[in-house]
Amino acid sequence: MAYNGDSDRSPAQQSALPTAIKLLVAGGFGVGKTTFVGSVSEIEPLSTEETITTASIGTDDLTGVGDKTTTTVALDFGRITLDPQHILYLFGTPGQDRFWFMWNELSDGAFGAVVLADTRRLEDCFPALDFFERRGTAFIVAVNEFETGYHYEPEEVRAALDLKPNIPIVCCDARDPRSATLVLVTLTKHLMSAAASSVR
Amino acid sequence: MADFEHRPLLDEDAGPLVRPYTVSNGRTAPTAKLDLLSLVRSTGQLRPSQLEAEHAEALILCREPISVAEVSAHLRLPAMVIKVLLSDLVDCGAVTAHSPDPAVDPTDKTVLEALLNGLQRRL
Ligand SMILES: Nc1nc2c(ncn2[C@@H]2O[C@H](COP(=O)(O)OP(=O)(O)OP(=O)(O)O)[C@@H](O)[C@H]2O)c(=O)[nH]1
Ligand SMILES: [Mg+2]
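Sequence order for the protein chains is A and B.
With the first letter of the first sequence counted as 1, position 118 gets the number 162 in my numbering; the numbers rise by one all the way through.
With the first letter of the second sequence counted as 1, position 84 gets the number 175 in my numbering; the numbers rise by one all the way through.
Possibly wrong hints are sitting among the right ones.
So the derived label-pair ranges between C-beta atoms look like this [as the list claims (entries may be wrong)]:
#1 B:Glu155 x A:Glu149: 18 to 28 Å
#2 A:Asp206 x B:Leu214: 50 to 60 Å
#3 B:Pro169 x A:Asn148: 14 to 24 Å
#4 B:Thr122 x A:Asn210: 41 to 51 Å
#5 B:Arg138 x A:Ser237: 41 to 51 Å
For the record, the hints were derived by calculation from the structure and aren't laboratory data.
Idealized CB from N, CA, C, for every residue including glycine.
Excised from the complex, chain B in its bound form:
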């Protein structure tokens, strides 16, 4: 996690922080490694008003921790497009992301207990 906490050098870059029409430029390979369940959250370093439309909408959704799948569903864009979009936001420091690796260990006792307690609270 901590390795994604790099800080953007805002003051050294006067140009637009996110290239405007990245998604429609046909780039399909995200620079950050993201899967459907990678969680993202805005860092507070950039305001949505500093970004182009889709990037701004995605950033607004990232106020609370949210998965790539949810951003995709809310913006009604395929997951592949969302991964590119979010990795742009990671690159410019607007959001921080959980890389899918290392995967959470499914035998992790603490996590399994959190799962059990969280479910039982809903009964």
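So here's chain A without its partners, still in its complex pose:
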């Protein structure tokens, strides 16, 4: 039985494991990342704790050269089963700046990112923009429109954030599944055109 065990498995089990696609939702503290992940996810947003070891470089304290610091970071994530062979996982990045070092690990293997911006505090997404630009991770900007916020036109946001002309900027309501899903569609189309124009 061990040798022809495949014959008594369901067709789904006989095929290869699905492909996991990772997208990130980043942005400043309280901008709506968890809300966004929850809106598009087919499951209640889940949370996991990941332990990260980081050399303590880049911190104020450089006395302990070579020291390793271990930090536990809670991550929200959601899942969308795209088809039997493809599962999308959407990870919300931790909002606090002190966890910036985590993003390297988080962004490994990520297809792309949505940077959420709040028009009341546009500058809060600068660290995320810098990070993805430096990493070469493809991203788009989604302006999460809070009622109390000033309404900017996308081109005003582009100017304020000094974004390149090819980076899509969309407005959304992170609480609305359709609106949030449309943001991911825009990101995917951006990834496709980036892939088509890359020489790789």
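Mind docking chain B with the ligands on chain A? Use the hints.
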């Protein structure tokens, strides 16, 4: 993927297939290379009743393909612990796992199309 399809030699090992309290033994390094997004699925070679509590619970979750992150969330255990637990299950042939490498190519046209179609179906 295929390199993880090794079959356990159940009949040659009469002892417990998973050492009972591996997690609480303080071992923190998983033997299989797993990250948050590695997908795992049970092979059907072992029943949960053959395993200790946490391993059995993890194995039950693995009936359908599931990520390390999801197993961690459902069992309310840190990802690091889950990686050790799942790699025990890989070692004894109870689950098959996707290694994180080689990473999926983010410019892969087929995968991007699957992503677009899957999202648009939800609109
Ligand atoms: N009015 C309005 N409120 C929103 C919107 N999106 C999120 N909120 C609310 O804003 C608050 C913060 O949202 P979260 O989703 O927790 O933000 P977050 O980015 O995950 O926050 P941190 O993880 O703490 O950085 C919550 O009370 C949400 O209900 C929106 O589009 N409109
Ligand atoms: Mg949050």
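To see whether the hints hold, each was checked on the structure:
Between Glu155 of chain B and Glu149 of chain A the beta carbons are some 26 Å apart, a value that agrees with the proposed interval 18 to 28 Å. As the Cβ distance of Asp206 of chain A to Leu214 of chain B is approximately 32 Å, the hint placing it in 50 to 60 Å is violated. In this structure the hint that Pro169 of chain B and Asn148 of chain A lie 14 to 24 Å apart at CB holds, the actual value being about 19 Å. A beta carbon spacing of about 44 Å between Thr122 of chain B and Asn210 of chain A agrees with the range 41 to 51 Å that was offered as a hint.
Separation of Arg138 of chain B from Ser237 of chain A is about 49 Å and conforms to the stated range, judged on CB atoms against 41 to 51 Å.
The structure fails hint 2 only (numbered hints given earlier).
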